[in-house]
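Trainee: Residues per chain are reported as follows:
There are 2 protein chains.
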Amino acid sequence: MTGGTGGAATRVVGMGVNPSAAVGVSTESTPRIPADHSGVTDLFAVLAYGEISAFYRLAEEAKLSPTLRGKVAVAKMAAAEMDHFDTLEQALSGRGVDVFDAMAPFVRALDAYHDSTDPSTWLESMVKFYVGDGIAADFYTLLADALAPEVATVVRDVLAETNHSEFVIEEVRRAVEENRSERDRLTLWGRRLLGEAITQAQYVMAQRDELTELVLAATGDLTGIAALFEHMQNSHAERMRVLGLG
Amino acid sequence: MTGGTGGAATRVVGMGVNPSAAVGVSTESTPRIPADHSGVTDLFAVLAYGEISAFYRLAEEAKLSPTLRGKVAVAKMAAAEMDHFDTLEQALSGRGVDVFDAMAPFVRALDAYHDSTDPSTWLESMVKFYVGDGIAADFYTLLADALAPEVATVVRDVLAETNHSEFVIEEVRRAVEENRSERDRLTLWGRRLLGEAITQAQYVMAQRDELTELVLAATGDLTGIAALFEHMQNSHAERMRVLGLG
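If you're matching them up, the sequences are chains E and C in order. So that you can map any letter, position 212 of the first sequence is 212 in UniProt numbering, and since no number is skipped, the others follow by simple counting. So that you can map any letter, position 227 of the second sequence is 227 in UniProt numbering, and since no number is skipped, the others follow by simple counting.
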């Protein structure tokens, strides 16, 4: 539901509790959400606009990089987002849906997320990439477990682990190791990112019945949704620790 | 020698005179420039920084797009530049050279080219992408004809035709078809792009002996270089006609 969807933090999710077990998502071979569920188009569309908005935010934030090496690393992350966009555009096209029409309802919420979490430093930008990616990966990976295989494959592909997270972890850890005030500042920043992501996710759900139905079908019931958000908070805390924060 | 190196205009080159014949570049099976020529590292490096600077300029210029469709098209062009960068980074690494060290001497000239040709409208940005790419493709394709096969393959790969040029041609043609003042303005803009590209190419050559030697080896002699620049001007005029300009 956030802009960063390059999947940098799927590894971190794997380090914590088992996501499926945590929220009671079914792992039996028959998926509970068929490929023709009307929410699937919404799911692909929100992921697609997430890639586009992440691309442009990364390109913009690269200006904050103190080195050419940092700029190149960010350009590679941004290019990976576009590979994922291509995958989603094709998946939507296969469903007879134009990606631009499908993305339109999600522009406002995702832009609002980015506007409310506009980094003012290079390190804030790095934390946002890693943490935003992680929150998105948590949310969509759990949905994928309940989706028909041909749909789940698309979702997992666009959340696939990249090796960019290593760069980010090193940048942040090195910077905060001996700088307590920077660490405190970035810890607060991380908390704000999670809050804004959940706010915008709830806003999208309230607007899009089909997507809400899909999330309900994936999590089982309202208790399942509460467990999903709790799991996301735990994973977030684990990611912050990996960055040397919190 | 310019920033745009996505290869959009190689097709246009093919439409004109045969490049090899035009400048007397050898087409016999024995390449005249061995793979270990000291200018090859410079060649890969200037191409690599060209991709990075084109990436960030495109991402910046996408703000000028009146539509999300345009922004997405530009993001795809930018992502393609990064694929090419990866190819060049690997090729340099294979020669035991760090891409960042190798690019350093070219940062100033390429940044100067972009600073002196900063588009102020969406159409200027589109013309710059297409025309800049074309000038670069003309120059480097001719060099490739004289290079050892393993080097030529890398150069041709990063100049490979993409289908993005179709988008640009349509955007520009449609805009200038019934707007004469826009057509006149963009025609002057195209002329300026060629002039600035040649100025910066000459600046780079004057600074980098190895690259000058490589270009001399590829073109035969000073007469060959003059013929190369004449060929580039002819191809440029052809590209402008394709855009409905000039």
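Warning: the hint list may mix true and false statements.
What the hints assert, rightly or not - Pair ranges (Cβ atoms, derived): (1) THR153/E <-> ARG69/C: 46 to 54 Å; (2) PRO105/C <-> ALA112/E: 54 to 62 Å; (3) GLN90/C <-> ASP115/E: 32 to 40 Å; (4) THR153/C <-> GLU166/E: 50 to 58 Å; (5) THR153/E <-> GLY96/C: 37 to 45 Å; (6) VAL97/E <-> GLY244/C: 51 to 59 Å.
Keep in mind the hints are simulated off the structure, nothing from the lab. Being a predicted model, the structure only gives us computed values, none of them experimental. Just so it is clear, CB atoms sit at the ideal spot from N, CA and C, and this is done for glycine as well.
Trainee: Hint by hint, note whether the structure agrees.
Mentor: Outcome of the hint check:
| no. | hint | result |
| --- | --- | --- |
| 1 | THR153/E <-> ARG69/C: 46 to 54 Å | violated, 27 Å |
| 2 | PRO105/C <-> ALA112/E: 54 to 62 Å | violated, 44 Å |
| 3 | GLN90/C <-> ASP115/E: 32 to 40 Å | holds, 38 Å |
| 4 | THR153/C <-> GLU166/E: 50 to 58 Å | violated, 30 Å |
| 5 | THR153/E <-> GLY96/C: 37 to 45 Å | holds, 40 Å |
| 6 | VAL97/E <-> GLY244/C: 51 to 59 Å | violated, 33 Å |
Hints 1, 2, 4 and 6, counting from the list given before, are not met by this structure.
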